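In case you want the letters, here they are:
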Amino acid sequence: MALRLTVQVLLVLRALLRDPGRELYGLELSEETGLQPGTAYPILLRLENEGWVTSRWEDVDPKAEGRPARRYYRLTAGGAVQASAAVAGARRGARGAALRGLAGEGGPA
Amino acid sequence: MKPRVGSERWTLAVAVAGLIVGGVAGYDAYVTYTAAGAVAADVAFVGVVVGVIGVVVVVTGAVGVVNEKARGLVRRRGGGRVRAGAGGGAGRSFVPLGWWRVLCMVSWVMPRGSGRRWLGEAESFVFEVAAEGRRAALRSLVLSAPETAAVMWWGEVSRRARLAVTGRDGAGRGWT
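So the sequence lines, in the order shown, correspond to chains A and B. Sequential numbering from 1 applies to the first sequence in this note's numbering. Sequential numbering from 1 applies to the second sequence in this note's numbering.
Where hints are given, some of them may not hold.
Label-pair restraints from in silico Cβ distances [claimed, not checked]:
#1 A:Arg18 with B:Ala17: 55 to 65 Å
#2 A:Leu5 with B:Thr166: 22 to 32 Å
#3 A:Ala85 with B:Trp153: 26 to 36 Å
#4 B:Ile53 with A:Val81: 48 to 58 Å
#5 A:Val7 with B:Ala136: 11 to 21 Å
It should be emphasised that the hints constitute simulated quantities derived from the structure, not laboratory data. Nothing here was measured: the structure is a model prediction, and the numbers come from that model. We treat Cβ as the ideally placed atom computed from N, Cα and C, and that holds for glycine.
Okay, chain A solo, but in the shape it has when bound (with noise of 0.2 Å):
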C-alpha cells in the first residue's frame, strides 16, 4: 500500500513541517488542516507505516488533566526530508493550486 500524495496528504505533511520538531495531536492537526478525524487519520497511519511520522501517547494521568490522554504526532529526521520534498514538489505541480485552494492562502508559496 503505497503512500500516494493527495492533497489531503500535503496538507498533512504541511502542518506537521510548519515546525519539525513540535508534536501534534489529533485536533490540533484537524484544525491546522481542515480536515475531519476521519480523514486525518488514516493518512497519519500510512505515513506512520512509511516511517515518516512517529507517535506516543501523551504522559499524563487523565483523571489529574480531566481529559482523556493524547496521541501526539511527528515528522521522523528521515520523514522531515521526504516531506519537504514531496510539498515542495507538490507546489510546483499541479496540485500546488489545489493545495493552496484548500489551505485558503492567496498568494503562491
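Following the hints, position chain B against chain A.
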C-alpha cells in the same frame, strides 16, 4: 445477559423470535422438503437470517457494554456518558452511547492493539472538539473505519513480515 435499554430488549426479542421461527421453519422445511420445500425453505432462511443478525447485534451490544466497563466509562442518568475520573470529573458528557457502541464494534475489525489505540484517539478527539463538531467527527471516524482498518492490517502484516525476515519489526512502526 440482562438487556439494559429498550432497544436492546427489542433486539433480543427479535433475535429470539427469529431463532424460533427459523428453527421451526427449518425443521418444517427439512421434514416436508419434497412437498412444500420452496416456501418453507424461504421462511426458514428469512427466520435464520433475522435470528443470526439479532444475535450478532445483541452480542455486539453486550461486548460494547463490557468494553465500556473495562474503559471506566459509565452511563449517566438521562443519556450521554461520562468517563469516570476524566471527563466525568468535569461532569461532561461527550460521546453518545450509540455512537460509542458503533465505534467499539468497528474497532473489532482492526488489529487488537490498533483498535484500542483508534478508540482512544477517537475518544480524545471527540472529548476536545467543540460540541457542535462532535457529530460530524464521529460520523467521519465511522465512515473512514474500513479504510483505517485496511491500512492497519496492511501495517500489521508488513510488520510481521519484517519481523519474520529481519527479526526486527521496524523501529517505531506499526499502529499500536
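Next on the checklist: Which constraints among the numbered hints does this structure fail? Numbers only, ascending.
Outcome noted: Failing hints: none at all.
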